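Trainee: Sequence:
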Amino acid sequence: MAELQDIGAFVAVATHGGFREAARQSGSSASQLSEAVRRLEAQLGVRLLHRTTRSVAATEAGQRLLEQLTPALDAVTSALDVVNGFRDRPAGRLRLNVPLSASKLILPRILPPFMAAYPEICVEVTVEDSFVDLLRSGCDAGIRYGERMEQDMVALPIGPRTQRMALAASPAYLQLHGRPKKPQDLLQHVCLRGRFSSGAMPAWEFHNKGRTVMIEPAGPLIVSLGAGADLAVDAALAGSGLIYLFEDWLRPYMDRGELEPVLERWWPAFSGPSLYYPGRRYLPAPLRAFADFIQTMRW
Numbered sequence: 001m002a003e004l005q006d007i008g009a010f011v012a013v014a015t016h017g018g019f020r021e022a023a024r025q026s027g028s029s030a031s032q033l034s035e036a037v038r039r040l041e042a043q044l045g046v047r048l049l050h051r052t053t054r055s056v057a058a059t060e061a062g063q064r065l066l067e068q069l070t071p072a073l074d075a076v077t078s079a080l081d082v083v084n085g086f087r088d089r090p091a092g093r094l095r096l097n098v099p100l101s102a103s104k105l106i107l108p109r110i111l112p113p114f115m116a117a118y119p120e121i122c123v124e125v126t127v128e129d130s131f132v133d134l135l136r137s138g139c140d141a142g143i144r145y146g147e148r149m150e151q152d153m154v155a156l157p158i159g160p161r162t163q164r165m166a167l168a169a170s171p172a173y174l175q176l177h178g179r180p181k182k183p184q185d186l187l188q189h190v191c192l193r194g195r196f197s198s199g200a201m202p203a204w205e206f207h208n209k210g211r212t213v214m215i216e217p218a219g220p221l222i223v224s225l226g227a228g229a230d231l232a233v234d235a236a237l238a239g240s241g242l243i244y245l246f247e248d249w250l251r252p253y254m255d256r257g258e259l260e261p262v263l264e265r266w267w268p269a270f271s272g273p274s275l276y277y278p279g280r281r282y283l284p285a286p287l288r289a290f291a292d293f294i295q296t297m298r299w
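In terms of UniProt numbering, the sequence shown opens at residue 1 and continues consecutively.
Derived by calculation from the structure, the hints in this document are not laboratory data.
Predicted model only: the values in this text are computed from it and were never measured.
One thing to keep in mind: the hints can contain errors.
Claimed, not checked - Okay, derived cross-link-like pairs now, EDC-like style, lysine to aspartate or glutamate, Cα gap no bigger than 20 Å in a straight line:
no., residue 1, residue 2
1, LYS182, GLU128
2, LYS104, GLU124
3, LYS104, ASP185
4, LYS182, GLU216
5, LYS104, GLU216
6, LYS104, GLU67
7, LYS104, GLU120
8, LYS209, ASP234
9, LYS181, GLU128
10, LYS182, ASP230
11, LYS181, GLU264
12, LYS181, GLU124
13, LYS104, ASP255
14, LYS181, ASP6
15, LYS104, ASP248
16, LYS209, ASP129
17, LYS182, GLU247
18, LYS181, GLU205
19, LYS182, GLU205
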């Protein structure tokens, strides 16, 4: 009978679409995973993976095997994790997939006290702004803003329940170019824009007394939303233009006077993020501990 370790190696490689990514997620080496898959193929007498220099994909036999193994291995993992619940303190690894905004604005307040309370849990955070398939990515849970969750996902509020977008500029910029009085004035100003990884460049949205105004301003700099935000902040600090970003992101600079709020009565509010994860009867102990912990926090 095939060794469970070899079966797990095949599932990891097939799920992540390659040996390197599977090795990164599992903590093994690519060569160890490759050797384990070869042993399993030799024992079964069937090729399970198509391998090229650029990609790895399951064969038809491999895909059928993966479909049968995945729920069985999930059941084994859940069964073993039940035992973890009998420990004095949960142990293991908690893998989170979060956007940059959450890693900067939400997790710094949560992780230090959580890690102090649960020193035997190792938290591994992957930061990326695109929406991901949690199971395929190998993560236990994710944090996202506003996306519609799949039907089998559980969502828990995490962080402040209401946040705002803010518009700001440096004192030097405002002295040179003047201060906008209404959102439409931004069409005559230099603005620092952001673009999603999908290629879409969102309009700047403003709300006031039930009125919504969408503005498509122009400017000399476009950054990727998330990863490039700090570059846009640096440009705004240098007086290069107006910046539109999370209020909590810009607040330290405004409190120090390095940036000044602009059109503050027009800043739109939106719902805070959620922790989401697949609905299961038995949650891994580290995830269960984290979910319980965030529900005790006040913002």
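Trainee: Each hint needs a verdict: does it hold in this structure or not?
Mentor: Hint check:
1. Restraint check: the Cα-Cα separation between LYS182 and GLU128 comes to about 34 Å, which exceeds 20 Å; the hinted pair is violated.
2. Annotation: proposed proximity of LYS104 to GLU124 holds, straight-line Cα distance about 15 Å (limit 20 Å).
3. Proposed proximity of LYS104 and ASP185 is contradicted: the alpha carbons are some 31 Å apart, above 20 Å.
4. Our distance criterion of 20 Å between C-alpha atoms is met by LYS182 and GLU216, whose separation comes to about 14 Å.
5. For a cut-off of 20 Å, the pair hint linking LYS104 to GLU216 is broken: about 27 Å separates their Cα positions.
6. Between LYS104 and GLU67 the alpha-carbon distance is near 37 Å, which puts this suggested pair outside the 20 Å criterion.
7. This hinted pair does not check out: LYS104 and GLU120 have alpha carbons roughly 24 Å apart, beyond 20 Å.
8. The suggested pairing of LYS209 with ASP234 is violated, with an alpha-carbon distance near 32 Å, which exceeds 20 Å.
9. Restraint check for LYS181 and GLU128: the C-alpha separation of about 36 Å exceeds 20 Å, so the hint is violated.
10. Restraint check for LYS182 and ASP230: not satisfied, since their Cα atoms lie roughly 26 Å apart, outside the 20 Å limit.
11. This hinted pair checks out: LYS181 and GLU264 have alpha carbons roughly 10 Å apart, not beyond 20 Å.
12. With a C-alpha separation of about 45 Å, the suggested pair LYS181 and GLU124 falls outside the 20 Å cut-off, and the hint is violated.
13. About 18 Å separates the Cα atoms of LYS104 and ASP255, which keeps this hinted pair within 20 Å; it holds.
14. A C-alpha spacing of about 65 Å is found between LYS181 and ASP6, which places the hinted pair above 20 Å, so the restraint is violated.
15. The suggested pairing of LYS104 with ASP248 holds, with an alpha-carbon distance near 9 Å, which does not exceed 20 Å.
16. Taking the CA atoms of LYS209 and ASP129, the gap is about 31 Å. The hint is violated against a cut of 20 Å.
17. Distance hint between LYS182 and GLU247 is fulfilled; the C-alpha atoms sit about 19 Å from each other, no more than 20 Å.
18. Only pairs whose Cα atoms come within 20 Å are accepted, and LYS181 paired with GLU205 is accepted, the gap being roughly 15 Å.
19. Between LYS182 and GLU205 the CA atoms are separated by roughly 12 Å; this keeps the pair inside 20 Å, and the hint holds.
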